[in-house]
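Sequences listed follow chains A and B, in order.
Following numbering that gives the first Met the number 0, the numbering of the first sequence begins with 0 at its first residue and continues without gaps.
Following numbering that gives the first Met the number 0, the numbering of the second sequence begins with 0 at its first residue and continues without gaps.
Heads up, some of the hints might be wrong.
To be verified - Coverage of chain A stretches by chain B, computed from C-beta distances (three or more under 8 Å per stretch; other residues unrestricted):
no.: 1; segment: 16-28
no.: 2; segment: 54-68
no.: 3; segment: 80-92
Said to hold, decoys possible - Not everything, but these chain A residues come out facing chain B in the computed CB check (under 10 Å):
no.: 4; residue: 8
no.: 5; residue: 71
no.: 6; residue: 95
no.: 7; residue: 99
It is worth saying that the hints were derived from the structure and are not from the lab.
C-beta atoms are modelled at their ideal positions from N, C-alpha and C, and glycine is treated no differently.
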Amino acid sequence: MQAVSLGEEADGTLVLTLCGELDFTNAGTVAAVIREAVAGHRPPAVRIDVAGVGFLDSSGVGVLVQGLQSAEEVAARFAVVNPGDKVYDQLRISGLLELFNVSGAPG
Amino acid sequence: MDGNRGYAQRLAELGAKIEKARLSPEIVCERAAGLLAGRSGCRIDDAHSHMRLLATQQGSDVGTVAASVIAALETGLPLTTAGLFTTRSEERPEPEPRRPAPPHDVIDLPGWAAVAQQMLDVLPGRHIVVSPQRDDDGRVVDYRFAAVSPSMVDLAGRTGAQLVGDRVSTVYPEIVGGPVWRAWSDAVADGQARTVAPVSYVHHDDGHATEHVLTVHVQPVGAGLLNTWVRQDEPGRLADRIAQTERLGLLGWGEWDLVTDATVWSDGLYRIYERDPADGPMPREESDALGLPEDEAHRRHAAEAFGRGETVDVTTRAVINGRVKWLRAVIDAVRDTDGRPVKIYGIIQDVTVRETSRRKLAEVEEQLREHRQSLATEHRVATQLQQIVIPIPDAPIELPGLRVGVRYLPAEQASRVGGDWYHAAACGDGSIILAIGDVAGHGLHAATTMATLRHGLAALAVTTTGDPASLLTHLNQLIFLAGPGATIATATGVVARYEPDTRRLTWAQAGHPAPLLARRGATAELPRPEGPLLGASRRATYATATCTLEPDDLLVLYTDGLVEHRSRSLRDGVAQVAALLDRILAAGEPEPMEAFLTRLRRANPDDDTCVLVAGRSP
Chain A
0 MQAVSLGEEA DGTLVLTLCG ELDFTNAGTV AAVIREAVAG HRPPAVRIDV
50 AGVGFLDSSG VGVLVQGLQS AEEVAARFAV VNPGDKVYDQ LRISGLLELF
100 NVSGAPG
Chain B
0 MDGNRGYAQR LAELGAKIEK ARLSPEIVCE RAAGLLAGRS GCRIDDAHSH
50 MRLLATQQGS DVGTVAASVI AALETGLPLT TAGLFTTRSE ERPEPEPRRP
100 APPHDVIDLP GWAAVAQQML DVLPGRHIVV SPQRDDDGRV VDYRFAAVSP
150 SMVDLAGRTG AQLVGDRVST VYPEIVGGPV WRAWSDAVAD GQARTVAPVS
200 YVHHDDGHAT EHVLTVHVQP VGAGLLNTWV RQDEPGRLAD RIAQTERLGL
250 LGWGEWDLVT DATVWSDGLY RIYERDPADG PMPREESDAL GLPEDEAHRR
300 HAAEAFGRGE TVDVTTRAVI NGRVKWLRAV IDAVRDTDGR PVKIYGIIQD
350 VTVRETSRRK LAEVEEQLRE HRQSLATEHR VATQLQQIVI PIPDAPIELP
400 GLRVGVRYLP AEQASRVGGD WYHAAACGDG SIILAIGDVA GHGLHAATTM
450 ATLRHGLAAL AVTTTGDPAS LLTHLNQLIF LAGPGATIAT ATGVVARYEP
500 DTRRLTWAQA GHPAPLLARR GATAELPRPE GPLLGASRRA TYATATCTLE
550 PDDLLVLYTD GLVEHRSRSL RDGVAQVAAL LDRILAAGEP EPMEAFLTRL
600 RRANPDDDTC VLVAGRSP
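When you get a sec, could you build the whole thing from the sequences and use the hints?
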């Protein structure tokens, strides 16, 4: 993982942008960043942009699941957006497309 | 005499302190252990153990053994052990240190010049003796170098020995007729000493001219004149250098004259003890009281070494203005001919920064070592746990109507082991439950979740339900039981139920790759029913799919380590595995299940991989 960046939209949506490979080597750190950001901001919605994520292993999927749970704790809507082919495939196999509100196949 | 008695008393106090240090039982033991270790080449710890063993065998205490060890080992050594500072008040010791006698190889040379040279050879400082050269009328016309200090190097780099015998007018023509020259003439005439200052001396070297300001003391000696040359900037330069050294090195020095009881501290020492120089040196009782009690043993060692006449080098802590400082002290004494100290001097260095960082480093190293150890332990436990939870069979398991083969490919790194599991067993109603699962993450946490899921499944299949979708729903709930605050583990899995009577396979999955089915030479993924991974949502539901196994069908359940790779898609990974199975079946190998399991290669070296193959019994 090269970077996690945080942003906030006008309606209060917390946007987390992830870049690089999300795997067992950085899962703990990234999960903590997301958890603290969500708990700190208590936004109405959380969006995780994974356009820059090239690879996701099972620990990486776990990070996104923890993001979903953090959002549920503050009753925020949750979405994972812009997955590339591999990440989309990984989320499809994990049965998470619906839970993560991933809309449409990658284009 | 009062001063005499005072010195005797101070000596006696010092002696008592050293004696006390020497007699301390810990010191005796430490010293004996040190001697023993040094003599035998063993470790200090081993020496201590050996002495304890001796004490037990002899029925005595360690202190006695240590004392006898010292007595035995010290025999023949020139170590003084008692009465170092026995004082006789009627004998006043020489207060001045005795210098080693100079070599006497020049003493028989004739003439006063030889005597002068002999004196300069042993006299500190830089001096020149010149002898006046007279003409036939007895007038002084020049001077000749009669003796020069051996340490003398003039501004042109000429050494003392090179100058002796030369005429001054030849070597230093600039001097002729100058103020020094005139002072010499006057001193020769009236026999009185004089000082000439300032004397400006311009030195030419490779076209560069440097000016030096000198002070010259002229003293008539015998037939000649003794000259002492001092660069005027020299005393100042030396003081500056010392002050600079003290500041840069956080150094200070102190002196204690035992005869006069005078104590002198340098500026650096005042800085170290954060004391106003106007208050004078700190009384010794006061500075002694600053030491931490924990360092008592070090101080005793040091006192004892001092008593043996050694230079002490000890680092101890002192509380100065409420702050602990690490102070390194190098202490030595000027002693009289009987070895009794006359003057004690010490250099103190504030090594707090160095000690603190050294100790922090040691702490970090220790933490790293513990961390490595705990990691190693965790890996070992995780691996063992996995072996206990999922013992991998060497040969296919024969179940009613079904043969099941299993292969486990551990991750390349031991630390990456943990998390993959399988299950293959008949449940009470005659059906067979097959399952494979993968817990995200590695190590002890993953292995624990794996054990929970695997055993949970085995129990639920026998007691509660044989329905794969219901079983996954229960496992999902089990994962959420980890408790509030705990990180919820995530896991994926496939659960299948095979009924031997109808050959029907019912299966469900939780975020897991679909099983592969090899049928009539073609291997493909089974169409996958819905189901999110375990641990994603408490409300997750799972759907089932069914198929019927034909006689030569092979069903492959696997974890994603088999097909997942950073640089290619999952689809490619699955296609490779399917192609391998197709090749084996096309070759008509007699035991295709075994052949397939043997030839499997892990796609992802970072992940462990579990593969389960099932086929109808012949």
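To see whether the hints hold, each was checked on the structure:
Restraint check on the segment 16-28 of chain A versus chain B: 4 residues with Cβ-Cβ distances below 8 Å, three needed, restraint holds. Only when three residues or more bring their CB closer than 8 Å to a CB of chain B does the claim for the segment 54-68 of chain A stand; here the count is 10, and the claim holds. Against chain B, the segment 80-92 of chain A contributes 5 residues with a C-beta closer than 8 Å to a partner C-beta. That satisfies the three-residue criterion, and the hint holds. Taking 10 Å as the C-beta contact cut-off toward chain B, the hint placing residue 8 of chain A at the interface is violated, the least distance being around 25 Å.
The beta carbon of residue 71 of chain A is positioned within 10 Å of a beta carbon in chain B (closest approach about 8 Å), and the interface hint is therefore held. The restraint placing residue 95 of chain A at the interface with chain B holds, with a minimum CB-CB distance near 6 Å, inside the 10 Å limit. A cut of 10 Å between beta carbons decides the hint on residue 99 of chain A: the least distance to chain B is about 9 Å, and the hint holds.
Of the numbered hints listed earlier, the single one contradicted by the structure is hint 4.
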